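Whenever a hint applies, use it, and build me the whole structure from the sequences.
In my numbering, the protein residues as written are 74 to 371.
Just so you know, the hints here were simulated from the structure itself, not pulled from any lab data. Because the structure is a prediction, the values reported are computed rather than measured. Incorrect hints may appear among the rest.
Result set (DSSO-like, lysine-lysine): computed pairs, CA atoms no more than 30 Å apart in a straight line [to be verified]:
(1) 153 <-> 250
(2) 103 <-> 297
(3) 297 <-> 277
(4) 277 <-> 250
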Amino acid sequence: MSQQDILGAWHNHLALGLRRSPHTVRAYHKAAQRLLIAFDLSHFDQISSVSSGQLRQHLAARRADGLSNASAARELSALKAFLSFSRAQVGHENAEPPRMRGPRIKKGLPRPVSPDDAVGLAETVEELAAQDWVGCRDRAVLLLLYGAGLRISEALGLKGGDLPLGQTLTLMGKGGKQRVVPLLPAVRAAVDDYVDQCPWPIGKDAPLFRGVKGGALTQGIVQKATAKARRVMGLPDTATPHALRHSFATHLLGAGTDLRSLQELLGHASLGSTQIYTKVDAASLLDTYRSAHPRERD
74 MSQQDILGAW HNHLALGLRR SPHTVRAYHK AAQRLLIAFD LSHFDQISSV
124 SSGQLRQHLA ARRADGLSNA SAARELSALK AFLSFSRAQV GHENAEPPRM
174 RGPRIKKGLP RPVSPDDAVG LAETVEELAA QDWVGCRDRA VLLLLYGAGL
224 RISEALGLKG GDLPLGQTLT LMGKGGKQRV VPLLPAVRAA VDDYVDQCPW
274 PIGKDAPLFR GVKGGALTQG IVQKATAKAR RVMGLPDTAT PHALRHSFAT
324 HLLGAGTDLR SLQELLGHAS LGSTQIYTKV DAASLLDTYR SAHPRERD
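Have a look at this one:
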């Protein structure tokens, strides 16, 4: 079996079996490829025998190339999953995996933007667009992130068959987890405006959001448009498309939404992922206190 065959099987396992996001599939595929090349592995039984010492050696080499703590932790997670997959291919799934802890990562809190700035970003990307329909498109995408809490990959993954949008939208998120999110009238209206102006036919199986040449819209284009808009508005670099999803969660929590409901709306597999927003809300409250309390201004 060649390394290409192994990587193909690993790719299919991630994309089709586990339904991981395209970003995760690419990252895990590259991590496995680097391991195969580093130790010249070409059989699943060889891979399943990789030791903790070899993993440490490999990651040390990667760290020497400038890999950060966060990236090293992700690489280790990808490699552990790859080794588990390889052991299963040769019937050794019950074998004890290599024991190795990743570097400690200090988790930073998401940086939400204010409700006015969230809406302002969507309006500014529309105003700055070179073509009217492109402005309507970018505004619709950002409002789906802030108004419905979608991941950018979920918004760009919508198809023509999802039209016309109703009061709710059914999504297939990470790990094949399905959820239903409500859609505000303003969000539906923004998508309708885009569809009316889009110069490309939107077939049932075609991407809903299109690039200027008719292909599927990419995350990079949305990120560039958002970066341009935030510079005009004087917002920090943390005001990204993903920050709009954070803002959706933080503002709902601040308005009294319970954690379980928020977990369902965001499509988190565990409540622990959602609980970070309680810290965000507390941090925002403290910032407000510091800027507004008379003693803090003295």
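So, going through the hints one by one against the coordinates:
1. 153 <-> 250: Holds, because 23 Å separates the two Cα atoms, which is no more than 30 Å.
2. 103 <-> 297: holds (25 Å)
3. 297 <-> 277: Holds, because 28 Å separates the two Cα atoms, which is no more than 30 Å.
4. 277 <-> 250: holds (22 Å)
Violated hints: none; the structure is consistent with every hint.
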